[in-house]
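> Given only the sequences and the hints, what does the whole structure look like? Please build it.
So the protein lines, in turn, are chains L and C. Using the numbering used here, the first residue of the first sequence is number 1, and each one after it goes up by one. Using the numbering used here, the first residue of the second sequence is number 1, and each one after it goes up by one.
One or more hints might be untrue.
Stated by the list, open to error - Computed cross-link-like contacts, BS3-like style, restricted to lysine-lysine with a CA-CA straight-line distance of at most 25 Å:
#1 K74(C) / K130(L)
#2 K127(C) / K63(L)
#3 K96(C) / K63(L)
#4 K148(L) / K127(C)
#5 K118(C) / K73(C)
#6 K69(C) / K148(L)
#7 K148(L) / K110(C)
#8 K160(C) / K72(C)
#9 K148(L) / K5(C)
#10 K72(C) / K148(L)
#11 K130(L) / K5(C)
#12 K72(C) / K130(L)
#13 K160(C) / K127(C)
#14 K127(C) / K130(L)
#15 K130(L) / K188(C)
#16 K69(C) / K63(L)
#17 K63(L) / K73(C)
#18 K5(C) / K69(C)
#19 K148(L) / K73(C)
None of these hints come from the bench; they were simulated from the model.
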Amino acid sequence: MFLLSNIFSDPERMNQLVSIAQTSLYPMIEGAIKYTIPLTLITFVLGLILAVLTALARLSSIKIFQIIARVYVSIIRGTPLLVQLFIIFYGLPNLGLTINPFISAIIGFSLNVGAYASEIIRAAILSIPKGQWEAGYSIGMTYTQALKRIILPQAARVSIPPLSNTFISLLKDTSLASLILVTELFRKAQEIAAKNYEFLLLYMEAAALYWILCTILSFIQGSLEDRLNRYVAK
Amino acid sequence: MINIKNLHKSFGDLEVLRGIDLEVEQGKVIVLIGPSGSGKTTFLRCLNLLEVPTDGTIEIDEIVMDFKKPVKKKSITSFRSLTGMVFQSYNLFPHKTAVENVMEGPIIVKNIAKHQAKETAAALLTKVGLGDKVDFYPFQLSGGQQQRVGIARALAMEPKVMLFDEPTSALDPELVGDVLRVMKDLAKEEGMTMIVVTHEMRFAREVADEVIFMDEGIIMERGTPEQIFTNPKEERTRKFLNMIQ
Chain L
1 MFLLSNIFSD PERMNQLVSI AQTSLYPMIE GAIKYTIPLT LITFVLGLIL
51 AVLTALARLS SIKIFQIIAR VYVSIIRGTP LLVQLFIIFY GLPNLGLTIN
101 PFISAIIGFS LNVGAYASEI IRAAILSIPK GQWEAGYSIG MTYTQALKRI
151 ILPQAARVSI PPLSNTFISL LKDTSLASLI LVTELFRKAQ EIAAKNYEFL
201 LLYMEAAALY WILCTILSFI QGSLEDRLNR YVAK
Chain C
1 MINIKNLHKS FGDLEVLRGI DLEVEQGKVI VLIGPSGSGK TTFLRCLNLL
51 EVPTDGTIEI DEIVMDFKKP VKKKSITSFR SLTGMVFQSY NLFPHKTAVE
101 NVMEGPIIVK NIAKHQAKET AAALLTKVGL GDKVDFYPFQ LSGGQQQRVG
151 IARALAMEPK VMLFDEPTSA LDPELVGDVL RVMKDLAKEE GMTMIVVTHE
201 MRFAREVADE VIFMDEGIIM ERGTPEQIFT NPKEERTRKF LNMIQ
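Given below as structure tokens:
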């Protein structure tokens with residue numbers, strides 16, 4: 001309290017802080033637009049594709065597909081995300097495989113989303129009544145047609161709330177990419193703070209930006225749910 | 001039209017169908033009755049291969065499936081297109097409107113142009129008395145209306161045979177009539193070949209050419225509705241009819 005009142009009672013210090021906050025805002029937003037947001041979006045799309053494939057492999061009657069899917073999910077869920085990112089970015093060069101920071105981050109995060117979301121999608125597919133498959137088959141559909149036209153659209157509705165959680169976590173987790181040299185939002189904050197030592201101010205500012213982004217996402221989630229719920233009795 | 005020989009179906013150790021032989025001529029309506037667990041639903045599901053029989057042959061419209069040999073997925077799908085199925089619990093696609101439910105098969109499976117499929121679908125819905133409900137989602141329709149959409153959806157694929165699996169069992173009594181009327185029209189006016197699992201005895205009397213009593217996985221007795229309902233030969237048939245009437 002004493003420290004805070006100190007800041008507010010010193011107009012010169014106040015002005016200095018406001019000016020630092022303002023000048024650092026631009027590079028941080030730039031980091032968000034150039035890296036945080038693209039990383040989140042690209043990763044989420046790739047992760048979802050991977051998740052659907054993994055879920056289908058788990059549900060497949062072919063044993064080897066089931067095993068591969070299980071092992072993949074188990075490894076990704078059983079090891080820390082940061083360690084996975086370090087293996088990809090700092091570890092793989094030992095095998096002569098050097099991948100740039102942004103691509104490394106995309107690979108790491110996609111693998112992660114794929115594993116976590118696959119369980120969500122698997123549960124959603126299983127929640128659709130068997131009669132829906134049979135109705136699809138009975139009008140001549142193949143497995144793939146029934147899956148695409150009948151099952152997945154209904155599973156999508158069920159999985160929106162848990163997938164939104166994954167999406168929001170992903171957005172926040174992209175801050176870990178700062179540790180493999182991706183100059184995203186948080187790394188910008190770190191770089192600026194390293195010069196002027198205003199750690200509290202800059203990290204609070206970064207936190208505020210993440211919070212704004214997540215709030216926007218929550219709104220999008222809400223309207224998406226409304227849209228997909230149009231065919232459900234209220 | 002339909003020729004079934006020595007049809008068997010087992011689930012693990014449980015033998016549900018124990019050798020069924022049946023011939024159905026074009027345009028005939030067969031009503032299947034029998035106690036629960038008698039295998040009548042399984043029999044119907046075997047006809048469109050939602051269950052693949054373990055032995056025997058089914059011939060529909062001169063296409064023969066032999067279940068002694070393993071069957072290919074592709075031939076299952078094409079054989080299935082000979083029959084249309086109406087389910088006890090309707091199984092409409094909840095994320096599609098009535099007309100979308102009906103046009104889905106023609107568009108996706110038969111590659112028919114969307115506007116054309118929509119026209120045909122709307123006409124079919126009118127025929128089942130739902131011309132004013134084309135854009136309704138299933139949850140906005142009563143059970144009887146949903147079931148009639150189900151019938152239109154099956155008809156849209158132009159099947160040779162229509163299979164009905166207890167189509168009115170899940171309905172409130174006052175809604176049964178509309179569905180039965182549609183089925184009756186289909187039989188009398190269109191001359192559709194139909195196999196119907198039902199306990200609606202009035203429907204059987206008025207529409208069926210033949211009534212088949214199934215029990216314990218075999219056909220116990222068959223005959224005209226008149227024969228079966230007024231003068232059944234088998235003791236089991238008599239007992240069953242006494243129980244439901």
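> Now tell me if each hint is right for this structure.
To see whether the hints hold, each was checked on the structure:
Note on K74(C) and K130(L): the hinted pairing holds, with a Cα-Cα distance of about 21 Å set against a maximum of 25 Å. Straight-line distance between C-alpha atoms of K127(C) and K63(L) comes to about 47 Å, which puts the hinted pair past the 25 Å bound. At roughly 34 Å between alpha-carbon atoms, K96(C) and K63(L) are farther apart than 25 Å, so this suggested pair is violated. The hinted pair formed by K148(L) and K127(C) fails the criterion: a straight-line CA distance of about 30 Å is larger than 25 Å.
A hinted pair counts as satisfied when its Cα atoms are at most 25 Å apart, and K118(C) with K73(C) does not qualify at roughly 29 Å. Between K69(C) and K148(L) the CA atoms are separated by roughly 30 Å; this puts the pair beyond 25 Å, and the hint is violated. Between the alpha carbons of K148(L) and K110(C) the distance comes to roughly 16 Å, so the proposed pair stays at or under 25 Å and holds. For a cut-off of 25 Å, the pair hint linking K160(C) to K72(C) stands: about 21 Å separates their Cα positions.
The straight-line distance between the Cα atoms of K148(L) and K5(C) is roughly 36 Å, outside the 25 Å bound, and the hint therefore fails. Taken as a hint, the K72(C) and K148(L) pair is honoured in the structure, with Cα atoms around 22 Å apart against an allowance of 25 Å. For a cut-off of 25 Å, the pair hint linking K130(L) to K5(C) is broken: about 29 Å separates their Cα positions. With a C-alpha separation of about 22 Å, the suggested pairing of K72(C) with K130(L) holds against the 25 Å cut-off.
Taking the CA atoms of K160(C) and K127(C), the gap is about 18 Å. The hint holds against a cut of 25 Å. Of the supplied pair hints, the one linking K127(C) and K130(L) is violated, its CA atoms being roughly 29 Å apart against a limit of 25 Å. Between the alpha carbons of K130(L) and K188(C) the distance comes to roughly 33 Å, so the proposed pair goes past 25 Å and is violated. Between K69(C) and K63(L), the direct Cα distance comes to roughly 23 Å. Compliance with the 25 Å bound is thereby established for this hinted pair.
Only pairs whose Cα atoms come within 25 Å are accepted, and K63(L) paired with K73(C) is accepted, the gap being roughly 19 Å. For the given pair, K5(C) sits about 15 Å from K69(C) by alpha-carbon distance, which is consistent with the 25 Å threshold. Our distance criterion of 25 Å between C-alpha atoms is met by K148(L) and K73(C), whose separation comes to about 18 Å.
Hint compliance for this structure: hints 2, 3, 4, 5, 6, 9, 11, 14 and 15 are not met, and every other hint is.
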